[in-house]
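Just so you know, the sequences run in chain order A and B.
Going by this note's numbering, the first residue of the first sequence is number 206, and it counts up by one from there.
Going by this note's numbering, the first residue of the second sequence is number 196, and it counts up by one from there.
It is worth saying that the hints were derived from the structure and are not from the lab.
The beta carbon of each residue, even a glycine, is placed where N, CA and C say it ideally should be.
Hints are supplied without guarantee of correctness; some may be wrong.
Said to hold, decoys possible - Here are some chain A residues pointing at chain B (derived, C-beta under 7 angstroms): (1) Ile-464; (2) Ser-470; (3) Gly-471; (4) Asp-472; (5) Pro-475; (6) His-493; (7) Val-497.
To be verified - Dumping the calculated DSS-like pairs for lysine-lysine here, alpha-carbon to alpha-carbon at most 25 angstroms: (8) Lys-550(A) with Lys-585(A); (9) Lys-550(A) with Lys-591(A); (10) Lys-486(A) with Lys-544(A); (11) Lys-443(A) with Lys-290(B); (12) Lys-550(A) with Lys-589(A); (13) Lys-506(A) with Lys-314(B); (14) Lys-291(B) with Lys-443(A); (15) Lys-486(A) with Lys-585(A); (16) Lys-574(A) with Lys-591(A).
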Amino acid sequence: MSCRLRDDKSSCHNEGHELLPRELRQYTNRKIFIALGAIIIVALIATVTSLIALSALTVVRATGQANSATLSNLQDLLLQVRTAESYERGYLLGNNTTFLDRAHTAMAAARTDLANLSHNLPPNASPTYRADLARLASLTQAKLGLMNTIAQQNNTGAITVDLTEDQADMNAINAKVASLSNDQAALLATARANISGLDATARDISLATVFLTLILAGVVNYLYARAIQAERELDRAKDEFVSLASHQLRTPVTGIKAILSSLASGDFGPLEPRQAYFVDKALSSSEHELAVIEELLDVAKADAGRLMLHAGAVDLVQLVDDVVAEQRHTIEAKHLTVKLQQPDKPIALSADREKLHMAIGNLIDNARKYTPESGIITIKTHVKRKIAHVEISDTGIGIDPGDLDRIFDRFGRAATAPESHIDGTGLGLYLAHHIAELHRGTIEVTSRRGHGSRFTMTLPIGET
Amino acid sequence: MLPRVLLIEDDDAIREVYALKLELAGFPVAVAENGAAGLDQVNRFSPEIVLLDLMMPVMGGLEFLQRLKATALEQPPTVIIFSNLSTADTLDSTKKFGVSDYWVKSSYTPERLTEELAKRWHTRAA
Chain A
206 MSCRLRDDKS SCHNEGHELL PRELRQYTNR KIFIALGAII IVALIATVTS LIALSALTVV
266 RATGQANSAT LSNLQDLLLQ VRTAESYERG YLLGNNTTFL DRAHTAMAAA RTDLANLSHN
326 LPPNASPTYR ADLARLASLT QAKLGLMNTI AQQNNTGAIT VDLTEDQADM NAINAKVASL
386 SNDQAALLAT ARANISGLDA TARDISLATV FLTLILAGVV NYLYARAIQA ERELDRAKDE
446 FVSLASHQLR TPVTGIKAIL SSLASGDFGP LEPRQAYFVD KALSSSEHEL AVIEELLDVA
506 KADAGRLMLH AGAVDLVQLV DDVVAEQRHT IEAKHLTVKL QQPDKPIALS ADREKLHMAI
566 GNLIDNARKY TPESGIITIK THVKRKIAHV EISDTGIGID PGDLDRIFDR FGRAATAPES
626 HIDGTGLGLY LAHHIAELHR GTIEVTSRRG HGSRFTMTLP IGET
Chain B
196 MLPRVLLIED DDAIREVYAL KLELAGFPVA VAENGAAGLD QVNRFSPEIV LLDLMMPVMG
256 GLEFLQRLKA TALEQPPTVI IFSNLSTADT LDSTKKFGVS DYWVKSSYTP ERLTEELAKR
316 WHTRAA
């Protein structure tokens, strides 16, 4: 069900399953939270996945580097073995011992290379690789021993070593080193392929994260726009309701007041004293009802955050004079004394005169209501450090300390009020407080039960 | 000489009692119960002041203002909004039609209205 205010009359109609603005807002807010949650989850997953990929990439890169270093060492080893083999062949062909020395030196270098390889194993070195290195070290050591024997026999002139067998050992070393080099080359190729694959995966994750985040951000933006729209709809609905309610509530009483006012002023002929008395009573009642309606409407506006100020130049001294003049008749009817203490000069404010009139009027009216006959109401205005103060003190029934915190709440009346059979809606102080705050001012109260109360309203000079 | 006043108001009681008070105060008065009847009266009665309610059946106050503006009269009347509808939106809407006087009906009595109309007319004449 929704109501729309048209130019002529209000109308209400059912709109089936359509959501009301408040429900739409809640529904949209839930969606926004879900979308934001999804963004956070996607971001977390992307972060964790990226970290894992980065970590794997680091490991694979380190392994690749180790494989590369190992391969380089193996190639050095192969070079030394082949050099030793060449010199040995040269020695055997020419019997030049210089070749044998060089072969021995190359083989010794090969042994050192093997020792380095055994010491710096790559992280992915297999047991077979380790066994092969050990076997190679053994063969190299044996080969060096054989070379020493050949050199010694050569010096004595009788070589008894089987050179064919020696050549076979050399071939075996050569083949084993070549095989190990090939294996390492294959491992290096695998590591490089892994690095390339992980690089591609990390790039895909980054792209997917950016894409998903953009989509979800778009969803959040759309939902947020809908929520804003729902908020505006809700505000408009509140405005329409308040304006409709104000019109419908004011109109009948306005008619009654107009008729009673005309009767009272003799437009329909002179009234007898008793008639005039009761017409006056009825007129006062209608005015009181209108005041209550205005108060309720202002409360509705305040609750909706729609109580607006229409600021203009206001002389606070004159305003307080006016309020006191309006209420003087009812105050004096209760035999109360009003002491008005105001400065000679005006206190200029930028304020909403009508609303400030209502707020100060409520404070003075409260002082009247809660002060027993023959009591005193003191009203003071002054300026201190560019802040205007309006103090309203009374010698009334006072307020319990426990009630002081809630008397400015909506419908928050002090316990002493109902006990004293004093009428009131509990809205006057709420509105006065709200109006003071709208003016960037404050209202404070000090009171003691049985010893009266003092309400102080402060208002900044020259501000609204 | 007091101005001719057209009161456009859909509430019978309010219309009748205000019209009576205005007549007693010496204002020549015509009445209409909605905006459409008000436009007829503008042509027939040539009011100098129109007191205009806003929420009325058949034709509301804003539509009346729109049509009155479209009529392009040689001497258009001064329009005073006299309504219990008092929101910032309606205030802005009426300002768009050049109407700046917005009197909230519930704050008035027939006596106060006639006094203020007379005072306003005399101030203008002076």
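Status of the hints after comparison with the structure:
1. Hint status for Ile-464(A) relative to chain B: holds, with the closest Cβ pair at about 5 angstroms, below 7 angstroms.
2. Interface restraint check: Ser-470(A) against chain B, minimum CB-CB distance 5 angstroms, threshold 7 angstroms, status holds.
3. Annotation: Gly-471(A) was flagged as interfacial toward chain B, and the flag is violated, the nearest CB pair being 9 angstroms apart, outside 7 angstroms.
4. Look at Asp-472(A): its Cβ gets to within about 6 angstroms of chain B, closer than 7 angstroms, so that hint holds up.
5. This hint is violated: Pro-475(A) has a C-beta 14 angstroms from the nearest C-beta of chain B, more than the 7 angstroms allowed.
6. Restraint check, His-493(A) versus chain B: the minimum CB separation of about 13 angstroms is more than 7 angstroms; hint violated.
7. About 12 angstroms separates the beta-carbon of Val-497(A) from the nearest beta-carbon of chain B, more than 7 angstroms, and the hint is not met.
8. Taking the CA atoms of Lys-550(A) and Lys-585(A), the gap is about 14 angstroms. The hint holds against a cut of 25 angstroms.
9. In summary, the hint linking Lys-550(A) to Lys-591(A) is supported, as the alpha carbons are separated by about 14 angstroms, within the 25 angstroms threshold.
10. Distance hint between Lys-486(A) and Lys-544(A) is unfulfilled; the C-alpha atoms sit about 29 angstroms from each other, more than 25 angstroms.
11. Annotation: proposed proximity of Lys-443(A) to Lys-290(B) holds, straight-line Cα distance about 22 angstroms (limit 25 angstroms).
12. Simply put, Lys-550(A) and Lys-589(A) have alpha-carbon atoms about 14 angstroms apart, close enough for the 25 angstroms limit, and the pair holds.
13. At most 25 angstroms may separate the alpha-carbon atoms for a hinted pair to count; Lys-506(A) and Lys-314(B) exceed this at roughly 33 angstroms.
14. Distance check on the hinted pair: Lys-291(B) and Lys-443(A) sit about 23 angstroms apart at the alpha-carbon level, within 25 angstroms; holds.
15. Restraint check: the Cα-Cα separation between Lys-486(A) and Lys-585(A) comes to about 33 angstroms, which exceeds 25 angstroms; the hinted pair is violated.
16. For the hint linking Lys-574(A) to Lys-591(A), the alpha-carbon distance of about 32 angstroms lies beyond 25 angstroms, and the restraint is violated.
Going through the hint list in order, the structure does not satisfy hints 3, 5, 6, 7, 10, 13, 15 and 16.
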